[in-house]
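Asker: As they're listed, the protein sequences go chains A and B. So the first sequence is numbered by my numbering: it starts at 7 and just counts up by one. So the second sequence is numbered by my numbering: it starts at 7 and just counts up by one.
In case anyone wonders, no lab produced these hints; they're calculated from the structure. Treat the hints loosely; a few may be bogus.
[To be verified] Here are the computed lysine-lysine pairs in the DSBU-like style, where the Cα-Cα straight-line distance is at most 30 Å:
| hint | chain 1 | residue 1 | chain 2 | residue 2 |
| --- | --- | --- | --- | --- |
| 1 | A | Lys15 | B | Lys491 |
| 2 | B | Lys403 | A | Lys285 |
| 3 | A | Lys102 | A | Lys13 |
| 4 | A | Lys15 | B | Lys107 |
[Said to hold, decoys possible] Covered stretches of chain A (chain B as the covering partner; in silico rule of three or more C-beta atoms under 8 Å from a C-beta of chain B):
| hint | segment |
| --- | --- |
| 5 | 38-49 |
| 6 | 244-255 |
| 7 | 484-497 |
Quantities reported herein were computed from a predicted structural model and do not represent experimental measurements. We treat Cβ as the ideally placed atom computed from N, Cα and C, and that holds for glycine.
2 protein chains.
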Amino acid sequence: MVFEHPKIKELLDYTRVLWALHHAQSVMSWDSETYMPREGVRDRSLAMAELAALYQKLLLRDEVVKPVEELLDNEDLNDYERGVVRVLHRSIRIMKALPPKLVMEIAKTTEEARPYWKEARDKNKFELFEPYLDKIIKLVIEAADYIGYEEHRYDALLDRYEEGLTKARVEEMFNYIEPRIRRVLDRVLSEGRYPQNHELEEVKYEVEAMERVNKTILEKLGYPFERGRLDVSAHPFTIGIGLDDVRITTRYEGKDFKRTLYSTIHEFGHALYDLQIDKRLRMTPVAHGVSLGIHESQSRFWENVIGRSMAFVEAIYPILRDNLDFINGYGIDELYYYFNTVKPSLIRVEADEVTYNLHILLRFKLEVKMMEGEYKARDVAEVWNDEIERLLGVRPKTYSEGVLQDIHWSMGSIGYFPTYTIGNLVAAQIYSHIKRDLKDFTELVSGLRFEPVREYLREKIHKWGATYPPEELLRRSFGEPMNPKYFIEYLESKYLG
Amino acid sequence: MVFEHPKIKELLDYTRVLWALHHAQSVMSWDSETYMPREGVRDRSLAMAELAALYQKLLLRDEVVKPVEELLDNEDLNDYERGVVRVLHRSIRIMKALPPKLVMEIAKTTEEARPYWKEARDKNKFELFEPYLDKIIKLVIEAADYIGYEEHRYDALLDRYEEGLTKARVEEMFNYIEPRIRRVLDRVLSEGRYPQNHELEEVKYEVEAMERVNKTILEKLGYPFERGRLDVSAHPFTIGIGLDDVRITTRYEGKDFKRTLYSTIHEFGHALYDLQIDKRLRMTPVAHGVSLGIHESQSRFWENVIGRSMAFVEAIYPILRDNLDFINGYGIDELYYYFNTVKPSLIRVEADEVTYNLHILLRFKLEVKMMEGEYKARDVAEVWNDEIERLLGVRPKTYSEGVLQDIHWSMGSIGYFPTYTIGNLVAAQIYSHIKRDLKDFTELVSGLRFEPVREYLREKIHKWGATYPPEELLRRSFGEPMNPKYFIEYLESKYLG
Numbered sequence: 007m008v009f010e011h012p013k014i015k016e017l018l019d020y021t022r023v024l025w026a027l028h029h030a031q032s033v034m035s036w037d038s039e040t041y042m043p044r045e046g047v048r049d050r051s052l053a054m055a056e057l058a059a060l061y062q063k064l065l066l067r068d069e070v071v072k073p074v075e076e077l078l079d080n081e082d083l084n085d086y087e088r089g090v091v092r093v094l095h096r097s098i099r100i101m102k103a104l105p106p107k108l109v110m111e112i113a114k115t116t117e118e119a120r121p122y123w124k125e126a127r128d129k130n131k132f133e134l135f136e137p138y139l140d141k142i143i144k145l146v147i148e149a150a151d152y153i154g155y156e157e158h159r160y161d162a163l164l165d166r167y168e169e170g171l172t173k174a175r176v177e178e179m180f181n182y183i184e185p186r187i188r189r190v191l192d193r194v195l196s197e198g199r200y201p202q203n204h205e206l207e208e209v210k211y212e213v214e215a216m217e218r219v220n221k222t223i224l225e226k227l228g229y230p231f232e233r234g235r236l237d238v239s240a241h242p243f244t245i246g247i248g249l250d251d252v253r254i255t256t257r258y259e260g261k262d263f264k265r266t267l268y269s270t271i272h273e274f275g276h277a278l279y280d281l282q283i284d285k286r287l288r289m290t291p292v293a294h295g296v297s298l299g300i301h302e303s304q305s306r307f308w309e310n311v312i313g314r315s316m317a318f319v320e321a322i323y324p325i326l327r328d329n330l331d332f333i334n335g336y337g338i339d340e341l342y343y344y345f346n347t348v349k350p351s352l353i354r355v356e357a358d359e360v361t362y363n364l365h366i367l368l369r370f371k372l373e374v375k376m377m378e379g380e381y382k383a384r385d386v387a388e389v390w391n392d393e394i395e396r397l398l399g400v401r402p403k404t405y406s407e408g409v410l411q412d413i414h415w416s417m418g419s420i421g422y423f424p425t426y427t428i429g430n431l432v433a434a435q436i437y438s439h440i441k442r443d444l445k446d447f448t449e450l451v452s453g454l455r456f457e458p459v460r461e462y463l464r465e466k467i468h469k470w471g472a473t474y475p476p477e478e479l480l481r482r483s484f485g486e487p488m489n490p491k492y493f494i495e496y497l498e499s500k501y502l503g
Numbered sequence: 007m008v009f010e011h012p013k014i015k016e017l018l019d020y021t022r023v024l025w026a027l028h029h030a031q032s033v034m035s036w037d038s039e040t041y042m043p044r045e046g047v048r049d050r051s052l053a054m055a056e057l058a059a060l061y062q063k064l065l066l067r068d069e070v071v072k073p074v075e076e077l078l079d080n081e082d083l084n085d086y087e088r089g090v091v092r093v094l095h096r097s098i099r100i101m102k103a104l105p106p107k108l109v110m111e112i113a114k115t116t117e118e119a120r121p122y123w124k125e126a127r128d129k130n131k132f133e134l135f136e137p138y139l140d141k142i143i144k145l146v147i148e149a150a151d152y153i154g155y156e157e158h159r160y161d162a163l164l165d166r167y168e169e170g171l172t173k174a175r176v177e178e179m180f181n182y183i184e185p186r187i188r189r190v191l192d193r194v195l196s197e198g199r200y201p202q203n204h205e206l207e208e209v210k211y212e213v214e215a216m217e218r219v220n221k222t223i224l225e226k227l228g229y230p231f232e233r234g235r236l237d238v239s240a241h242p243f244t245i246g247i248g249l250d251d252v253r254i255t256t257r258y259e260g261k262d263f264k265r266t267l268y269s270t271i272h273e274f275g276h277a278l279y280d281l282q283i284d285k286r287l288r289m290t291p292v293a294h295g296v297s298l299g300i301h302e303s304q305s306r307f308w309e310n311v312i313g314r315s316m317a318f319v320e321a322i323y324p325i326l327r328d329n330l331d332f333i334n335g336y337g338i339d340e341l342y343y344y345f346n347t348v349k350p351s352l353i354r355v356e357a358d359e360v361t362y363n364l365h366i367l368l369r370f371k372l373e374v375k376m377m378e379g380e381y382k383a384r385d386v387a388e389v390w391n392d393e394i395e396r397l398l399g400v401r402p403k404t405y406s407e408g409v410l411q412d413i414h415w416s417m418g419s420i421g422y423f424p425t426y427t428i429g430n431l432v433a434a435q436i437y438s439h440i441k442r443d444l445k446d447f448t449e450l451v452s453g454l455r456f457e458p459v460r461e462y463l464r465e466k467i468h469k470w471g472a473t474y475p476p477e478e479l480l481r482r483s484f485g486e487p488m489n490p491k492y493f494i495e496y497l498e499s500k501y502l503g
């Protein structure tokens with residue numbers, strides 16, 4: 007047994023209902039994005055708000071809060087038990103800080119906002135979403151102030167998604183990578199080996215055939231369909247409903263098949279994390295990924311490091327050719343370059359490995375300003391265009407290509423974006439280690455023999471759940487904290503090598 | 007406003023979280039039966055059990071129980087408010103009686119039992135389900151004893167599904183209808199106008215084509231797809247997740263298309279009830295159908311009274327012909343008799359209008375014995391065969407055709423079956439009234455112009471939700487309580503007329 011201390015066992019008896027509520031909330035979220043009938047949204051948002059408030063109330067019961075405080079510096083606890091206390095203490099600290107009315111208002115507002123965001127994006131009508139974004143900025147500022155921070159209001163938000171992260175640390179990270187990314191980008195653009203566009207981007211596919219491809223590749227990667235599903239949603243996501251029920255979604259635009267292919271591989275990376283958490287942690291507060299950044303490192307590792315490598319492209323070529331007629335006109339090399347176009351562009355989720363983090367830098371800067379109270383929704387929409395032009399030399403013609411492209415702010419998720427860059431950096435860091443530790447890494451990828459890779463990730467990252475904080479997990483597994491140099495090395499070796 | 011009394015308003019503030027929890031439980035149930043990956047069942051059953059216990063705890067808070075007790079005989083309340091108090095008082099009485107541990111054990115056991123019931127049925131292996139059924143009988147007896155009763159333990163269970171129903175009343179009902187049904191059945195079988203079988207029962211259909219038929223007919227009936235869905239599950243059901251999210255399921259066996267057609271129309275009847283509840287009752291304890299019997303009367307009204315009438319068969323004939331090639335070989339008359347075969351058979355859900363209630367009589371008798379502690383699971387399985395042979399002259403060769411055919415007992419739903427017969431009786435009763443009140447009823451059906459029919463049902467039944475107890479609702483809307491004579495009149499007129 008990993009949980010032996012009697013006080014921890016008692017505590018876990020009280021937190022089990024929180025797990026059950028979270029399970030329910032996850033099913034409801036999944037349903038909202040996949041199968042819920044349109045008019046169901048009103049009841050759903052009201053129910054979500056009620057359950058969010060109930061969750062807070064149940065978390066803040068004396069039966070939970072008191073033992074957590076008592077156990078905080080207890081030397082008798084093992085690592086798992088310490089993890090439980092740490093995770094609960096973080097939630098309690100935040101939840102205690104937030105008035106239930108505010109929690110409920112945020113839940114209700116964001117549930118209501120989402121369909122308006124969708125409509126605004128689809129119709130390029132920012133004004134439909136604008137009042138919601140204004141309200142969300144206001145509510146999130148309020149929340150950050152209740153949570154508290156040492157240096158900057160934004161720190162309160164960053165820490166929620168990435169334990170210990172601060173604005174200063176994110177700035178330091180971007181200060182290191184921004185100029186180096188620009189140098190790589192300039193050279194890639196001037197050399198022209200990696201093209202900016204590819205004619206396959208305009209080629210249409212049949213959704214059914216593409217679904218077959220996605221499912222086949224998921225099987226090759228090791229996605230267990232008896233413990234998950236692949237569905238369709240407007241914005242692809244992974245949701246861990248239980249340790250044996252981790253679902254992913256994708257979307258089919260009908261052309262440019264690499265989009266749905268790589269979004270599926272991306273979500274597989276997320277799903278594998280949840281699927282490989284130690285079963286003994288089931289129903290406890292540590293039975294989930296430790297942070298969004300570490301989670302994203304897993305999705306990026308599969309999507310980019312493995313998925314966009316030449317070895318992988320070679321390996322999946324027969325699957326593509328057997329299901330998509332048009333592939334016959336293209337060789338492996340051409341597919342590799344189609345999968346690896348590098349182009350300063352407007353849409354984050356379509357951005358390549360080289361430019362991606364510059365999209366995050368834009369959002370990071372805007373979020374800091376929002377949280378400083380300097381920007382309202384309207385300003386964000388306008389400044390967006392100037393800033394992306396400065397960073398990448400391209401300017402949106404519509405709001406849909408600009409401020410409306412991401413779902414995050416409609417969900418109140420401000421402070422979330424920097425975790426994407428952390429994911430990219432950590433994925434590269436893991437790559438540098440796995441290459442050393444699994445000597446035949448490239449051969450494994452070539453043979454689509456991923457079991458040793460899955461096992462490596464299970465041992466180093468997945469099985470621990472949230473037992474250790476992110477940087478400690480990295481130190482324990484790889485002997486060092488997050489280091490952005492590996493990402494730059496990865497880019498330089500792949501794109502300039 | 008329907009809820010004006012300040013104490014009721016305050017009470018409803020406290021019960022809203024119960025509504026939200028029930029909303030969550032509904033989504034989870036729907037998901038369990040439709041899209042949940044196989045291995046998700048363990049976490050799901052644990053979460054369901056936790057939430058069932060939480061529901062009980064929240065219902066039994068002083069903030070709910072005290073005002074309900076105080077308001078019980080309050081003369082100042084309007085009918086809706088009295089309904090809220092009555093419904094809550096019933097739940098509280100039952101929940102208070104049941105120890106939380108027992109509630110949780112029932113929830114957990116039945117969640118676990120369901121997949122075993124399915125497997126047992128599919129493989130004809132009663133022994134897979136037997137230990138679960140034994141445990142369920144034991145737990146339900148325990149529950150009935152905690153709830154309490156005046157005359158018979160079974161009364162405690164009947165009342166849960168059909169407010170006020172007793173074993174004595176059910177017996178009285180069957181004493182009236184059993185001999186009369188037998189008389190009708192004997193004459194139908196000897197006259198041979200309604201055949202026992204039809205060759206269309208062996209004709210295969212394409213699932214996609216049949217799905218189109220079902221959806222088209224649902225649209226004609228007035229099912230609003232923006233407020234619902236049609237999915238596939240092993241056992242068709244309707245679930246009201248919210249007043250604007252009422253989903254139905256069907257199943258496609260691949261042949262004998264009337265099965266999926268009429269199961270779909272049946273579920274439409276259930277769904278329409280929930281969809282037409284007064285929106286002002288949203289999120290309150292009366293925002294659902296008043297009882298299972300009244301609910302079933304709605305599904306049976308659409309499935310049998312309307313759906314199996316000659317006027318309806320004529321009206322949907324073009325839809326069937328346009329989508330199912332093989333229909334071209336059959337005329338309207340032949341379809342009418344295919345839809346209305348009368349045959350003593352083994353499977354309840356395939357039973358015709360004449361024999362159906364005899365299947366219920368069997369289950370009623372077995373449940374009484376189970377609750378008297380006289381039958382264990384093994385006895386039920388064996389006695390089943392003798393008893394159905396006595397009633398209908400046919401004997402199951404496998405457990406799958408006998409005791410394993412229904413999902414109900416695996417869900418702990420003992421006392422539920424008699425509500426099906428109540429549904430049949432009340433459907434016929436409504437028919438006798440609607441014919442008088444809507445003079446052009448048959449023409450409306452012929453023209454698939456159902457708006458006046460939906461409006462009639464809305465005014466008489468649906469809009470009230472659970473405001474009035476079942477018999478009072480009938481008295482108010484039709485001037486009399488439930489009366490089994492209408493059902494016999496309906497059978498005699500249709501089958502002997």
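Asker: For each hint, tell me whether it holds in the structure or not.
Answerer: So, going through the hints one by one against the coordinates:
1. Lys15(A) - Lys491(B): It is violated: about 61 Å lies between the C-alpha atoms, which goes past 30 Å.
2. Lys403(B) - Lys285(A): The hint is violated at about 43 Å.
3. Lys102(A) - Lys13(A): holds, 22 Å
4. Lys15(A) - Lys107(B): holds, 18 Å
5. 38-49: holds (count 8)
6. 244-255: With 6 residues close enough to chain B, the hint holds.
7. 484-497: The restraint on the segment 484-497 of chain A is violated, since only 0 of its residues have a Cβ under 8 Å from chain B and three are required.
Hint compliance for this structure: hints 1, 2 and 7 are not met, and every other hint is.
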